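Asks: Put the two chains together into one complex, using the hints given.
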Amino acid sequence: MSTPFYVSPQQAMADRAEYARKGIARGRSLVVLQYADGIVFVGENPSRALHKFSEIYDRIGFAAAGKYNEYENLRIGGVRYADLRGYTYDRDDVTARGLANVYAQTLGTIFSSSGEKPYEVELVVAEVGDTVDGDQIYRLPHDGSIVDEHGSVAVGGSSEQISTYLDQRHRDGMSLAEALKLAVQALSRDTNGGEREIPAERLEVAVLDRTRPQQRKFKRIVGRQLSRLLEADGAASTPTDAPSDTEEPDGGAATATDDTPGETGKPDADASGDSKE
Amino acid sequence: MEANTRSTGRLPAAFLTPGSSSFMDFLSHHSPDLLPGNRSLPPLQGAIEAPHGTTIVAVTFPGGVVLAGDRRATMGNMIAQRDIEKVFPADEYSAVGIAGTAGLAVEMVKLFQLELEHFEKVEGVQLSLEGKANRLSTMIRSNLAMAMQGLAVVPIFAGWDVDRERGRIFSYDVTGGRSEETGFASTGSGSIFARGAMKKLYHDDLTEQQATTLVIQALYDAADDDSATGGPDVARRIYPIVTVITDEGFRRLTDDESSEIARAILERRLTQPDGPRAALL
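Protein chains in written order, with my numbering: chain Y, 241 to 517; chain D, 138 to 418.
Bound-form chain D, shown alone (with noise of 0.2 Å):
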């Protein structure tokens, strides 16, 4: 029957098997050494150099969240690239910015992303978004030996929760663990000073159009104190990457759009170099 298998061109058992809805469950019997947890790697004095990608920040508000990332990847103190892209998204309603090891992030996100499409077309409904959140977080988890080793990713996934009606937004760690943030969330080298921009910032009854500019104002404040994140850069025509997600599902901001806000941006703080100023008291 196993040479009959073989010899005809028919599906392999693994694929008629019935049962699992997750496509990473079906790689794990019928190709396991395509998963991204299963290599191992031989032990090595010192980090491995790679490009590793950068800031990321999220904010929510009535209505959506908005989640977006700066442009750059470093490879020690160099600059690796300055138009990465760090946010994808996920599925329909909801999107995963990431930032860590560039090229285990991308195949992450690739796995991520038709783990969601997956069990989608098999169960003919989508995962909760809680239930992406988990998914995601197992998959970081996968990760641990490489991330032992410096080759860390770690996500922010925030999204339109369908059933309760509101954007929300996960955090997570190097160990896979989840968290789920109120308002506003960062990730990455220059996440310190973005989540303090956030914070004097943000408000809980932000419009759309505040929410984008807010995170292209947090992604400035990174990029002015974290040598690793990149700012708007305008000889390139380089913006960051903005993504709002509501209840009509994913959109990404045009060049245009987010070149419009960045530009408006750097033109008041080419009087007020530190941004806008929160009150005192």
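One chain only, chain Y, in its complex shape (with noise of 0.2 Å):
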């Protein structure tokens, strides 16, 4: 009894490591998807209040699934630092990758630090940028590591065997339609292969919109306009959904290269298959 056991470091970072991944498989999954305007996070949350995505800066979405009260806090975290970081010197100079590497140091010294539990945490920052080439989107697993992602992200429970779906069937260049549909797809998709409904009710949808002409490109997706998409997926290429008109070739082109992934998707699978421990 007073006497401790030996416990090898290598043994004390799996165990640690094992904690916190068991407590994010508790929650439900959540995607981050690249579409033609900007970012869209989809996520299943039957609560209206309690978000697990949220603005953080003008042209940054914070996205988390775990424990509630710590990336509540995390994300509180954030939006102090961008607010001060924009305070102090310029709006321009808040950026993704300051906040992520915040982030990840954050994150890394509960998680090495024996005198505290690991947060069990795994979020995902992105950034909605002038073009498609400027977007970017960082996955911050529970230890401190940081994934640069591209097109596609998924965290939580069962995030492996989503993003693969993902990564097989997401293309660059999808209407909003196109992109919440595939999310709703694979987020649908149980652990054994079946597939569930989720009502719209259940769903909390958020863009980072380039398009919008306000400084703050964060918006949610709730009601009419939800359903509104949820529908325009369902005809398929109807020119319902305004702001994905020009994407209408594209809406064509995306059942014939759903079987046949393009060479955007192939890569983006291995590496974030790699990253995977």
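Bear in mind the hints are in silico, worked out from the structure with no lab data behind them. Among the hints, a few may not be true.
Listed next, with one range per pair, are the computed distances between beta-carbon atoms [said to hold, decoys possible]:
id: 1; chain 1: D; residue 1: L172; chain 2: Y; residue 2: A289; range: 27 to 35 Å
id: 2; chain 1: Y; residue 1: Q454; chain 2: D; residue 2: T275; range: 22 to 30 Å
id: 3; chain 1: D; residue 1: P199; chain 2: Y; residue 2: Q454; range: 50 to 58 Å
Every value quoted in this text rests on a predicted model; they were computed, and no experiment measured them. All C-beta atoms, glycine included, are put in the ideal place defined by N, C-alpha and C.
Replies: As structure tokens, then:
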């Protein structure tokens, strides 16, 4: 009792990682996808008030899976970090890269400090650019590592399965309705391969829309707008979705490339596959 | 623990402390030196020479509120700037116009905007219009020491009250005292003349178009009698900044829109230099 057992550092770290991963896996998954006009966040969330996605700054959004009190804490920390930085320097000097770095340092320190319990959270920090090339998505696992993602990313419970599904089907230049449809399909797949229905009321959807005239690009998609977008999927390529009317030709191409993922899909799948433990 | 916190680059404890949704509260804990109110000036003889902004006017109409300001900043009897902007959006449904020391005013507005945005992001909802007006009160009060040295900032806050569904105007004094105005309000050196003009022109069923015309008329009258207020500058194409806040949110009139109104007023004043006449009885 008085002399503690010797635990090798490898074992201690493995235990902590196991602990954090289990905590994260209990939460529902969420996905973040690039589309033609920005980045869309989609997740299943029965609550209207407790959000999984939120605005950090003008062009930066935040998504988190895992333990609510822990990621809420990190979210507020991020808002304070961004606002302080923007106040001290300029609004343009607040970047997702800087924020992701601070989050990685914070999570990493907590993970490796024996005095604290590791955070059971996995974060996504995304920044929408002026063009598709300027978009940045960072995934931050519980241990303080940082993964630069492209196209699509999934975190939470069955994230590996979902991201494999997304990597095979996500293309550049999808319209918002298409990306949303793909995200819902990915989320509604069960771990055992079955499908279940996620009603629109249980979906939390937000976008970082680069075409928004306001300085703040983050916007929640709720109510009628959400159901309109979801219905627009059903009708495949009806021009009901105003922001994506220029994307109609792509809509036709989508079905063609569904079975044969494009060149952009493959390398992403490999990259994100490698980075997973 | 403290040493560890510093060496790793993780977010300092103040960032992760739950509780306050106020950016100013956070700032006062984490870096109080950045708060405008925390600066102390050495005792001085006489006033500090710094650019001062002049006249701001506001008018409500059914469906919204209009807030406008002239474009002049003065330093003593010199014109410091001809095209200064003194009316700013505070958030989607409110705006603030500032008379007084320009440098401090711009900083105050920047912090005020951030305070509202920060609350909105942290809490997920906007502050009530009263809440916003009270925050501004606190900020003006924290500037009292500077005001005593002649560096006063006196704003007008106007916004659309989402709950009560009407436009509202709040005026302030230098100590942070706040009062809600019905109909119209003005602040700054030309405010007396602007208020006189508005008193005669205002009625409570103005349209948006009439309200924007009214504020430019009032600013014209202020510029007519107050040397520190600038009138429409046709040669340099500098016209008053006019903003409208309705249930659709904040909108600033484009240069073309405000120049059109200002030119129409100028045209009429060529034959009637004192502007429109009110009925005697």
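Asks: Indicate, hint by hint, whether the structure satisfies it.
Replies: Verification of the hints:
1. At about 32 Å, the beta-carbon gap between L172/D and A289/Y stays in the expected band of 27 to 35 Å.
2. Take Q454/Y and T275/D: their Cβ atoms lie about 27 Å apart, and the range 22 to 30 Å holds.
3. Separation of P199/D from Q454/Y is about 26 Å and departs from the stated range, judged on CB atoms against 50 to 58 Å.
Consistency with the previously given hints fails for number 3 only.
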